[in-house]
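Number of protein chains: 2
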Amino acid sequence: MKQTYFTAGPAELYPTVSQHLQTAMDEQIGSISHRSAKFRSIYQFCDEQLRELLTIPESHGIFFTGSASEVWERILLNCVEHESFHLVNGSFSKKFCDYATALQKYAHKQEKPFGEGFDYSEIEVPEYAELIAVTHNETSSGVQMRPVDIHKLKRSHAKKLIAVDMVSSAPFPDLDFSLVDTAFFSVQKAFGLPAGLGVWIANEKCLEKAETLKHGDQHIGAHNNLPMLWKNYKTYETPATPNVLFIYLLGKIAQDFNRIGVENLRRETEEKAKMLYKFVESHPQFSPFVKNDRHRSRTVVVANTQKPSSEIISKVKESGMVVGSGYGQFKDTQIRIANFPATDVEQIGRLIEVLGKI
Amino acid sequence: MKQTYFTAGPAELYPTVSQHLQTAMDEQIGSISHRSAKFRSIYQFCDEQLRELLTIPESHGIFFTGSASEVWERILLNCVEHESFHLVNGSFSKKFCDYATALQKYAHKQEKPFGEGFDYSEIEVPEYAELIAVTHNETSSGVQMRPVDIHKLKRSHAKKLIAVDMVSSAPFPDLDFSLVDTAFFSVQKAFGLPAGLGVWIANEKCLEKAETLKHGDQHIGAHNNLPMLWKNYKTYETPATPNVLFIYLLGKIAQDFNRIGVENLRRETEEKAKMLYKFVESHPQFSPFVKNDRHRSRTVVVANTQKPSSEIISKVKESGMVVGSGYGQFKDTQIRIANFPATDVEQIGRLIEVLGKI
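Heads up: the protein sequence lines correspond to chains A and B, in order. Each residue of the first sequence is one higher than the last, beginning at 1 in UniProt numbering. Each residue of the second sequence is one higher than the last, beginning at 1 in UniProt numbering.
These are computed hints drawn from the structure, not numbers from a lab. Errors might be hidden in some of the hints.
Since the list can't tell identical chains apart, any single copy or any two copies may satisfy a pair.
Calculated pairs, DMTMM-like style, for lysine to aspartate or glutamate (alpha carbon to alpha carbon, straight line, at most 25 Å) [unchecked claim]:
# : residue 1 : residue 2
1 : Lys-214   : Glu-81
2 : Lys-38    : Glu-311
3 : Lys-231   : Asp-332
4 : Lys-160   : Glu-270
5 : Lys-278   : Asp-332
6 : Lys-274   : Glu-204
7 : Lys-112   : Asp-256
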């Protein structure tokens, strides 16, 4: 039986994926050269569709990596000489911070207990931090940081670079890219594609920083460093052979999203999130993990469970649906429900119905 | 019209790919969690099939990255403290060397003119080089280094690590992994898959070196560093979300190859290579670029052309076949013909027939 995946990524494939994949196979996209005009037009198309979808200005380039985790490393190598600052409120923001330490940067952090989020007013940015790393959506804890707070943070620290992890929320957050210097996501979350491609958006200020660091005491990496990516990007190429097929698919999905309209997608995401939170708030077997509504993720809903989560996951599976367990120490006491465009209001409704009978 | 791709990668997809892809879609491989038992069994299966195909002993782990170029960086960060040594005889061996310089290692090199290869007897390894980097098959120039020479090189420098780039030849070269410390390839060459996955084979000596370097003055990278990859590998997991779909497909193709038998694959590759070299040697419009037979690549045949290569490429295309142009400065005066398992004796025969009429 085919399952509907409400997992936070890898997740349910967007309904049009299999059709685009078939077209790609018919057009032999898996065999074309990454130095051909055909590939350049695929990259350009994907770039244009993402630019429209996320309102990305010309100051920013769009690059491809193997995964979003790779982008953590690339940002730290290319945009930080000595000190970075991390808002840590979950396992993935912590990993970004750990990457900085592993790369021998001085990683400052401000930390919140699991399940709590940050408001602008409480953030204290260290004086010498060159980069502020924020996570729009913590996949592990279901906590979001509102774009309004992210924007204020940048405005009050205009000379520092700000990096936004939107791995499990893009294209949901309405980020102002005139303020956001760099952001990144992976395709196996809200874009509903198989895993295997990271997308890195970075502006000219990031490039300038990388160009400066390149001539310093520390290296900026050899593979996928920003100056090399940018140089190739000018002709819609990549330094090494990229995942051509997935870039093709991402362009097609972004086009599908643009046809729906990002405002409609965001409205539907809000609507489905409301349905889910209303349910977990009202049902005696569940309670929302994140207490503060403005910190509640709209794309990954985390609920405490009365019964062991494994029991609930099994029950739901009998009805052809897959929800995720809690993350790390919350594995047995929480479930995580992805709210991505691949699952519509009706499917969320059916999930709620099944959960309600537990 | 569907074309047959004789390009050196991305290349013709292996004939069973579309069927495996369909099965993967039916089984929703694109949606399963990379922390699930199902993923672990996919990784294990792929590992076992590759191990059988390439005769990889238990001392070596098999890891996945975004591309083979990423592996260049990972090897240099994890296995070289100060000095590496590179046998440079084409654009890709040169890039490996350039990566070392970019990572602030002292990169020694011994260089050959484009189109010439190395024999063991002429190689002079610098005393303090920690790693010897050799390219089994230079995709750019169509030059190979014979496994027998690679093995001698390691035997006479047993204390140094040896890294073998087999990007565009695996599983063709019969490497002795009791001698080869680390090797790597990408899936869009002889394995006939779309691009987007690098495969890194490394032994415990590489791990030991990485563990030592980790506590030194330089970092070993944060993403996909060897200790992290190895730790996760013990349970057939990966540190970050990998390209689950392509790992699944690679396992299936490796199984298909094992059913044929690697010896048969290698024999057929030799046979097709002979056909191609015999043709380019005898036809007045062509001549083999690599003069020395023992240095002639069996998987990427490079031929000088009398007419501009673009004319030949266009002509061949009219018959539904794609061959590659020369690399870099040889773009207009050479063609490159991939000889991978995806194209059989009959197809090579047809290509020769068409080329013969030019």
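To see whether the hints hold, each was checked on the structure:
1. In the homo-oligomer, the alpha carbons of Lys-214 and Glu-81 lie at most 25 Å apart both inside one protomer (10 Å) and across protomers (20 Å), since each shortest distance falls under that limit.
2. For the identical chains of this complex, Lys-38 and Glu-311 are inter-copy neighbours only, at 19 Å across copies versus 50 Å inside a copy, given an alpha-carbon limit of 25 Å.
3. Taking CA atoms no more than 25 Å apart as the test, Lys-231 paired with Asp-332 passes between copies only; the shortest distance there is 24 Å, against 48 Å inside one copy.
4. Taking identical chains as interchangeable, the C-alpha atoms of Lys-160 and Glu-270 are never at most 25 Å apart, the minima being 31 Å within one chain and 58 Å between chains.
5. For a Cα distance limit of 25 Å, the shortest separation of Lys-278 from Asp-332 inside one copy, 22 Å, qualifies, whereas the shortest one across copies, 66 Å, does not.
6. Taking identical chains as interchangeable, the C-alpha atoms of Lys-274 and Glu-204 are never at most 25 Å apart, the minima being 38 Å within one chain and 51 Å between chains.
7. When the C-alpha separation of Lys-112 and Asp-256 is checked against a cutoff of 25 Å, the pair qualifies neither within a copy, at 37 Å, nor between copies, at 51 Å.
Taken one by one, the earlier hints fail for this structure at numbers 4, 6 and 7, listed in ascending order.
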